[in-house]
Amino acid sequence: MSDSISTDSTTESFVPSITPNVASVTTEHTSRNAENLEVNGTTTGLEARGVHAWFDKHHALEDVSIHFPQNTVTGLIGPSGCGKSTFLRLLNRMHEFIPKSAMAGEVLFNGEDMYASHVNATDIRTRIGMVFQKPNPFPAMTIGENVLAGPKLAKKKVENPDDLLEECLTRAGLWKEVKDRLKAQGSSLSGGQQQRLCIARALALKPEVLLLDEPCSALDPGSTLRVEETIVQLSQSMTIVIVTHNMQQASRVSDYCAFFLSDGGPGRLIEADLTTNMFSNPKDERTANYVQGRFG
Amino acid sequence: MNAIATEVTPVTPRKPWKNTRATLKTATINGFFSAVLATALYTFTGLDGILGWYVSFIISVMVVMAIVSKVTGNGKSIADQVAPVVISAGFATVMIPWISLIGTVVQRGVKGIYTGFFTHDMLVNSMDEPLNVGGISHAIIGTLIIVGIATIIAAPLGIIAALYIVEINGKAARFVRFLTQAMSGVPSIVAGLFIYSTVIITVTHKNNAFAGSLALAILMLPTVARTSEEVLKVVPREIRDASYALGATQVRTTLRVVLPTVRSGLITATILGVARVAGETAPLLLTSQYFVRFTTNMFNSTMASLPTYVFGALRTGTENSLARAWSASLVLIAIVVFLSVIARLLGGRSTGRK
Ligand SMILES: Nc1ncnc2c1ncn2[C@@H]1O[C@H](COP(=O)(O)OP(=O)(O)O)[C@@H](O)[C@H]1O
Ligand SMILES: [Mg+2]
Numbered sequence: 001m002s003d004s005i006s007t008d009s010t011t012e013s014f015v016p017s018i019t020p021n022v023a024s025v026t027t028e029h030t031s032r033n034a035e036n037l038e039v040n041g042t043t044t045g046l047e048a049r050g051v052h053a054w055f056d057k058h059h060a061l062e063d064v065s066i067h068f069p070q071n072t073v074t075g076l077i078g079p080s081g082c083g084k085s086t087f088l089r090l091l092n093r094m095h096e097f098i099p100k101s102a103m104a105g106e107v108l109f110n111g112e113d114m115y116a117s118h119v120n121a122t123d124i125r126t127r128i129g130m131v132f133q134k135p136n137p138f139p140a141m142t143i144g145e146n147v148l149a150g151p152k153l154a155k156k157k158v159e160n161p162d163d164l165l166e167e168c169l170t171r172a173g174l175w176k177e178v179k180d181r182l183k184a185q186g187s188s189l190s191g192g193q194q195q196r197l198c199i200a201r202a203l204a205l206k207p208e209v210l211l212l213d214e215p216c217s218a219l220d221p222g223s224t225l226r227v228e229e230t231i232v233q234l235s236q237s238m239t240i241v242i243v244t245h246n247m248q249q250a251s252r253v254s255d256y257c258a259f260f261l262s263d264g265g266p267g268r269l270i271e272a273d274l275t276t277n278m279f280s281n282p283k284d285e286r287t288a289n290y291v292q293g294r295f296g
Numbered sequence: 001m002n003a004i005a006t007e008v009t010p011v012t013p014r015k016p017w018k019n020t021r022a023t024l025k026t027a028t029i030n031g032f033f034s035a036v037l038a039t040a041l042y043t044f045t046g047l048d049g050i051l052g053w054y055v056s057f058i059i060s061v062m063v064v065m066a067i068v069s070k071v072t073g074n075g076k077s078i079a080d081q082v083a084p085v086v087i088s089a090g091f092a093t094v095m096i097p098w099i100s101l102i103g104t105v106v107q108r109g110v111k112g113i114y115t116g117f118f119t120h121d122m123l124v125n126s127m128d129e130p131l132n133v134g135g136i137s138h139a140i141i142g143t144l145i146i147v148g149i150a151t152i153i154a155a156p157l158g159i160i161a162a163l164y165i166v167e168i169n170g171k172a173a174r175f176v177r178f179l180t181q182a183m184s185g186v187p188s189i190v191a192g193l194f195i196y197s198t199v200i201i202t203v204t205h206k207n208n209a210f211a212g213s214l215a216l217a218i219l220m221l222p223t224v225a226r227t228s229e230e231v232l233k234v235v236p237r238e239i240r241d242a243s244y245a246l247g248a249t250q251v252r253t254t255l256r257v258v259l260p261t262v263r264s265g266l267i268t269a270t271i272l273g274v275a276r277v278a279g280e281t282a283p284l285l286l287t288s289q290y291f292v293r294f295t296t297n298m299f300n301s302t303m304a305s306l307p308t309y310v311f312g313a314l315r316t317g318t319e320n321s322l323a324r325a326w327s328a329s330l331v332l333i334a335i336v337v338f339l340s341v342i343a344r345l346l347g348g349r350s351t352g353r354k
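Going down the list, the sequences are from chains A and B. Counted the way the working numbering counts, the first sequence spans residues 1 to 296. Counted the way the working numbering counts, the second sequence spans residues 1 to 354.
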């Protein structure tokens with residue numbers, strides 16, 4: 001499986017271009033975390049440079065460059081099939097699990113390319129957590145075991161499991177609801193609770209970045225609100241990238257927004273900016289049309 | 001709120017979806033007319049015997065149901081009325097051979113069963129002695145040992161083959177799947193011959209129980225492998241993704257996430273494999289054969305088993321020995337049914353649900 005990561009073999013003919021449409025969001029404005037952007041000359045947070053993605057011959061994502069500053073929330077928006085999930089999975093090396101997939105470009109994590117040959121992919125995944133569209137607690141595990149599954153699977157020692165359990169569930173906004181039934185199966189929870197359980201599970205590894213792929217698309221409004229509160233809470237101590245189809249959600253939770261679009265060909269990053277700018281005066285007409293709900 | 005809470009009228013629970021007395025009445029009338037029509041059909045056509053009754057009754061029910069639904073016009077179409085009858089009749093038809101088989105074995109088998117049948121062996125008795133002496137304890141234990149060792153060999157191999165096909169999905173996956181498919185078509189006597197020629201003739205030079213286990217393992221492997229493969233395929237991609245996203249390697253994902261998730265399914269696969277081989281006779285005749293009492297010697301001695309006991313009793317051919325064969329068959333069927341029921345229970349209690 002992992003021999004299909006090939007950044008070099010499939011894409012030999014392709015020279016990754018970084019320059020043309022760098023839609024970096026790091027330059028102009030004063031974000032609340034602007035002081036974190038550069039430390040000792042290397043970028044902090046997560047930065048994609050000229051990233052492409054392929055599924056076999058299908059070119060799904062073209063030349064995406066964007067910076068996610070530390071401790072901010074960035075919303076990825078765009079119509080279905082424009083490559084948002086693909087891009088997200090490239091950010092923690094999950095893309096390579098798809099047979100015959102390929103990529104090009106660089107993803108800098110604290111200034112270092114995570115696709116460099118010496119980098120350990122499983123280590124990257126423990127530091128960059130992911131929450132999926134469909135809640136996916138482990139069926140054979142209890143609620144408590146689910147939360148602590150990360151350290152166990154990644155063979156990380158936990159000093160005080162009970163404390164970690166409570167801390168993660170509290171941060172995910174689930175502790176009060178489940179503290180009396182930690183031994184129940186994870187699948188006995190409601191959909192919204194399961195999703196917060198999955199967030200708690202991702203937190204147990206103390207990731208620096210959290211990637212969420214439409215985490216609320218299967219949830220009711222109440223649960224959605226809880227998850228959004230959780231995201232805003234978490235963003236004080238970690239970098240968050242969230243894919244969402246919900247414009248209100250994007251404006252509620254995100255500091256930055258990035259708009260992806262595919263015109264039948266590979267998906268591209270059209271525009272990225274402060275969320276307020278994206279919604280009030282986007283530079284690109286297609287962004288304006290999309291955020292106002294005229295297509296997609 | 002308060003206004004509603006104060007006026008509590010007692011409510012009786014109903015089950016409007018269940019059959020009412022009216023439908024019961026219709027059913028009775030239908031049954032009556034069907035019986036009349038069936039008698040007429042039976043008497044005035046060439047239909048004959050039990051089968052004749054059966055056919056004429058089913059035809060009558062369908063005709064009467066169709067007419068009644070046409071006349072009353074109770075909303076259901078004729079097809080809706082007749083379809084359940086056709087399906088039930090088909091089900092009953094399929095059940096006939098099964099029930100008659102089990103019925104025959106039970107009827108003929110109970111005669112020879114007494115407590116000693118399960119505790120005695122055949123060391124001092126012969127097959128044609130009266131049914132109140134001798135027993136099959138040695139054959140029961142022998143079957144458990146031979147099948148048990150076959151399971152210890154075949155179940156891990158079968159599950160590993162399935163893991164290779166589904167989890168690793170390596171270059172040889174299609175070849176391995178083809179091989180297991182081909183193996184499931186191997187006639188059992190060929191498996192016996194194979195072990196006879198490769199193990200007994202060339203290595204051990206005498207028949208022994210372990211060779212029997214090997215022969216059964218060959219037959220068991222494809223069942224376990226293919227059932228396990230289906231079980232593993234049901235594990236959703238999302239579950240594996242969740243594990244990988246937590247920094248787990250493929251090996252840990254398989255061991256800590258996938259296998260626990262499908263544990264009951266793999267147990268079912270193994271028990272199905274056991275049920276598949278427990279009654280095999282031909283391969284055991286060529287390998288472990290038969291011995292009149294229980295022995296622990298797996299490698300140097302032949303060993304009794306239920307199928308070979310039945311075979312031996314049949315060959316003796318006297319009235320008493322035939323009765324013994326039926327009784328041993330009954331015990332064998334009971335063991336296989338018991339295992340299948342356990343497999344069902346474990347499989348039904350799939351993880352994921354509570
Ligand atoms: N596993 C896959 N195999 C092949 N093609 C895929 C796979 N996943 C996604 N794609 C393709 O990549 C493109 C982008 O998909 P995706 O990233 O899921 O879009 P989004 O999340 O924005 O809806 C689509 O054209 C889709 O068909
Ligand atoms: Mg998606």
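Hints are computed from structural coordinates only; laboratory data are not their basis. All residues carry an ideal CB built from backbone N, CA and C; glycine is no exception. Check the hints yourself; a few may be wrong.
Chain A stretches covered by chain B per the calculated footprint, using a threshold of three residues with CB under 8 Å from any CB of chain B [claimed, not checked]:
1. 62-72
2. 75-85
3. 129-135
4. 152-163
Partial list, derived from the structure: chain B residues whose beta carbon lies under 7 Å from chain A [stated by the list, open to error]:
5. E238
6. I239
7. A242
8. A245
9. G247
10. A248
11. T249
12. R252
13. L255
14. R256
15. P260
16. T261
17. N297
18. M298
Checklist line | Contradicted hints - numbers only | finding: When the structure is compared with the hints, numbers 1, 2, 13, 17 and 18 turn out to be violated.
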